[in-house]
Amino acid sequence: MSKSRVGIKAGWWLAVALIFAGALWVPFYNRIDPRLAGIPFFYWFQFVWIIVTAAVTGLAYKARL
Amino acid sequence: MNWPALSVFIILFAFATVLGFYAARWRRGDLNSIDEWGLGGRRFGTIVTWFLLGGDLYTAYTFIAVPALVFGRGAIGFFALPYTLMVFPFVFIVFPRLWSVAKRHGYVTAADFVRGRFDSRLLGLLVAITGILATLPYIALQLVGIQVVIAAMGFDGTGLAGDLPLIIAFLILAAYTYTSGLRAPAMIAIVKDALIYLTVIVAVIVIPMHLGGYGAIFAAIPATKLLLAPPTADSFGAYTAYATLAFGSALALFLYPHSITGLLSASSRQTIKRNMALLPAYSLVLALIAALGYMAYAANVQHLPQYASYFDSYGPNFAVPALFLHELPDWFAGLGFAAIAIGALVPAAIMSIAAANLFTRNIYREFLRPDCSATHEAGTAKFVSLLVKIGALAFIIFLPNKYAIQLQLLGGIWIIQTLPAIVLGLYTRWLHRWALAGGWAVGMTVGTWMAAAQHFATSIFPLKLGGFTVAGYAALYSLALNLAVCVVLTFAFKFAGAHHGVDATVSEDYDEEMPTVA
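These protein sequence lines map, in sequence, to chains A and B.
Reading the first sequence from the start, the letters are residues 1 to 65 in this note's numbering.
Reading the second sequence from the start, the letters are residues 1001 to 1518 in this note's numbering.
So here's chain B without its partners, still in its complex pose:
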């Protein structure tokens, strides 16, 4: 047991827990309404939104998995840079429209919007189910992040005793999400970010000093890892995989329910726009975090006997914890581990709230209890957020971690299928509601098949065109097919004269700075 690391870890974790419960009193609102519990009353200003979105998007798993990918596979792992870079202009242009229309009509989820816009309960349901399916494995993955750092501090028990720290951490999380709603992760995100920034800044200064500077680190990386595989006579090499992964991930990110929850909780359109100019600060940190993967490689941690058993259990995911343990003082490694663990709780809380909002608004109230009261609605959401977390915990404890990783990979492919209804829906109603449903079904099926054809090991699909291979992100390929089906079916339904429902929104709803009706 690494006591210095563990002591620092426990103190910081306890502090975050106290904040989580205290958050219920912060900007006090009626937590028996879903708008207050699940969206923080839509009152978060620039700074809180910045922390909340940053905490939401840059998860514990990011801090473990991005450097792990760089450590194991090299340059391709850096696709996270163009990916996060393209997100901001995209969101700046598109998503203030969603905020405005949601504020005007009291929409809590993207599925609420789609249902109102296209006058289709079915389409709302499909968007809700997709969101929930894509979110659940993502929550489970946050647990993987906690699991790795707990192991790194010397908990190597097996069976239930080994899982006990994880269970305790998650029960605490479940309790304060239940009582405080979205206010809890918003407040804890501030601590998490302070710790992450501190850890990363110290790590990227101190560790290269030990290793002889950045030049020496890059010199230690084999040439095949340092650059992407170039095109050959019969393929584009890794170029198309890199570009499509970045572009597809950028399109998908803000379709995830937890991203939308973060956006809708902002106090104004301008808050969102200002944040899109400020959030790249996280991308810079992410670039440095990705570089940690190379530092771990240059420090040769995978060949040190004291870490061999961990690499056997956790694979490249142990690269960053091993690097911290090897290159930094124990107490500071503990601080870094606390940053990662608290960094898991923030997104896990927001994700479970987002999934609970979707279930409650778009399945429970829509189909099961249309007459339920506001208090009953909020109560259901709180209860579902508990169920979601217990489900994620059981998943990680009873099933191999690789299933969570594979399902999360599928999650990206699934969530992007809601793009036509949500993003295009913000601009036009031209696509027919049943055509959107048809396109969704085709995209989901083909995308899942593409991943299955790779045995769920990667989301890169080698598309064969004659004798030429274009390897690309399955999410983008299946989205293209989805869009094609949407267009063709729209012509078909319009030709057949199928009714396309009544739009609950008007065009002014999308552009207004300060809607007057809440």
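Just chain A, with the same shape it has in the complex:
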């Protein structure tokens, strides 16, 4: 495995760790403000987090991990 592949792989593991931490650390997102178009943070944050996960997984696929 080349050096850059190792770097990509490490970045992927870090991203997965962050995704899980963001999804599981409830105190961070269990709040009303800031709202987005009247929608409480609790709801729009988790919605955005799905999109982030999809993007990260998509990049991992592109990098053929």
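Keep in mind the hints are simulated off the structure, nothing from the lab.
There's no promise every hint is true.
Unchecked claim - Computed beta-carbon distance windows for the label pairs: (1) 1003(B) x 38(A): 20 to 28 Å; (2) 1390(B) x 8(A): 48 to 56 Å; (3) 13(A) x 1306(B): 48 to 56 Å; (4) 1491(B) x 25(A): 32 to 40 Å; (5) 1379(B) x 7(A): 24 to 32 Å; (6) 48(A) x 1171(B): 43 to 51 Å; (7) 1205(B) x 31(A): 43 to 51 Å; (8) 1212(B) x 31(A): 17 to 25 Å.
What the hints assert, rightly or not - Derived, one-sided and incomplete: chain B residues facing chain A with beta-carbon distance under 7 Å: (9) 1081; (10) 1088; (11) 1092; (12) 1212; (13) 1215; (14) 1222; (15) 1227; (16) 1229; (17) 1284; (18) 1311.
What you are looking at is a predicted structure, and each value in this text was computed from that prediction instead of being measured.
Backbone N, C-alpha and C fix where the C-beta goes; we use that ideal spot for every residue, glycine too.
Here the structure of chain A is known, so what remains is to put chain B in place on it, guided by the hints.
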């Protein structure tokens, strides 16, 4: 009787039925082999796999129960979001290994793999039984989804006449699963998804317009429902319940036989990985579906007299049907109901195929008829898939629905006990086969006890540590105990010098892109 809704419903349902039978001719293969009947010949590409897995994982019951939970209990119902979000990276990392080793050795079920990996017929049997036990109530729950929408269209007969539409729907399903195998749900899933996406997109645009926008909908929800209960001096509130439910459910999802059947039918490792990047589209839809629960609450459907009798019969599960009937034109409500009913048939078909594969491969052929031919094997699987569906139908007709719901709740706790053998087994053989069996037994017993202690009303167990309560998902608690027992017993068996069998696989089997031997 709501004729506009019913007419649209019947037309769409009939179309799905025709497709189901036609599917036997699609990418024609020898349906007298279990690989073709039960795994579609492992030839499904990215698009078909996407529809199949989406149809498989996001079931009719999801569309009814997730918004029902949000409607009744508020924020906690949204645990489905972090749950489905964590599934994809997890599967991306772990499950291509299962696909490769299964392709190389011709494994059809997870139990096939465990048996070969650990050289233990007992362990294979335990994994198979767990899978079957966890799947059966799940099939029955799909029927609950159909039952609710049929009632919503105005069938309020009681006794056998009231159940007749359900019986007809299920007989049709049984017939085309028998003839077409996994090809039938794969093909119908495409129709189902088109209908679901259409319904949800229209619903989340049109209904908020009636209700004054999303801001107004969220403003109508009481503050206690809008957020999770915060920690107090002697507990973590609902925080740990939310996080453990999401994490435990994410670990459990791809251990279910129907998920594994969907994965193994993919044509390559890359197909699976690509799908893990594409499947979050369903999670976004799920988030919108969960929001339907709040829309139903804001529309105040539970206090409208015309729906009172339905809420009496079906509880919060009637929230979405009532919302559709109240806020959308009748014909479009019919389309939404067809989406839910067809959305029940797809997973019910895959689940019954998966359960039939397990029984045939890991119980019948393993213990009862080791010398059976390939044709006899496929025939048995087809027959068992019929039995499984009839059993589920009888369960729903003759027993109260709450038993199916409670058993499905237990199903999640049970299926996660196969994680050490399947997921850890994909990486290492360090755990001893008998230790895995011991851990499984402890996990099953303790997990079931935890649910029983809550009278099967919830899978959240209030773990007491001194005076402090940590409420968490019983599946995760019992899995932790299972793993601890596995490790301790492994040391014990190794110390005692117990033989740990011969591995049928080699490490290259797990990583290969294109295994050469089928």
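Hints, one by one, checked against the model:
For residue 1003(B) and residue 38(A), the hinted distance range of 20 to 28 Å is not satisfied, since their beta carbons lie about 38 Å from each other. Separated by about 51 Å at the C-beta atoms, residue 1390(B) and residue 8(A) satisfy the suggested range of 48 to 56 Å. One distance hint, 48 to 56 Å for the beta-carbon pair residue 13(A) and residue 1306(B), holds here, with the actual separation near 55 Å. Checking the proposed 32 to 40 Å range against residue 1491(B) and residue 25(A) shows it holds: the Cβ atoms sit about 34 Å from each other.
Distance hint for residue 1379(B) and residue 7(A): a CB-CB separation of about 53 Å, inconsistent with the stated range 24 to 32 Å. A beta carbon spacing of about 45 Å between residue 48(A) and residue 1171(B) agrees with the range 43 to 51 Å that was offered as a hint. Our hint of 43 to 51 Å for residue 1205(B) and residue 31(A) is violated, since their Cβ atoms are close to 27 Å apart. A beta carbon spacing of about 24 Å between residue 1212(B) and residue 31(A) agrees with the range 17 to 25 Å that was offered as a hint.
The beta carbon of residue 1081(B) comes within 4 Å of a beta carbon in chain A, closer than 7 Å, and the hint placing it at the interface holds. Below 7 Å, beta-carbon pairs count as interface contacts, and residue 1088(B) has one with chain A at about 5 Å; its hint therefore holds. Hint on residue 1092(B) holds. Least Cβ distance to chain A is approximately 6 Å, under the 7 Å limit. The closest approach between the C-beta of residue 1212(B) and any C-beta of chain A is roughly 10 Å, which is over the 7 Å cut-off, so the hint fails.
A distance limit of 7 Å between C-beta atoms decides the matter here; for residue 1215(B) the minimum to chain A is near 2 Å, and the interface restraint holds. Hint status for residue 1222(B) relative to chain A: violated, with the closest Cβ pair at about 13 Å, above 7 Å. At about 5 Å, the closest approach between the beta carbon of residue 1227(B) and any beta carbon in chain A falls short of 7 Å, and the interface hint on this residue holds. The beta carbon of residue 1229(B) is not positioned within 7 Å of any beta carbon in chain A (closest approach about 9 Å), and the interface hint is therefore violated.
About 6 Å separates the beta-carbon of residue 1284(B) from the nearest beta-carbon of chain A, less than 7 Å, and the hint is met. Against a cut-off of 7 Å between C-beta atoms, the interface hint on residue 1311(B) is violated, since the closest Cβ of chain A lies about 25 Å away.
Checked against the numbered hints given earlier, this structure breaks hints 1, 5, 7, 12, 14, 16, 18; the rest are met.
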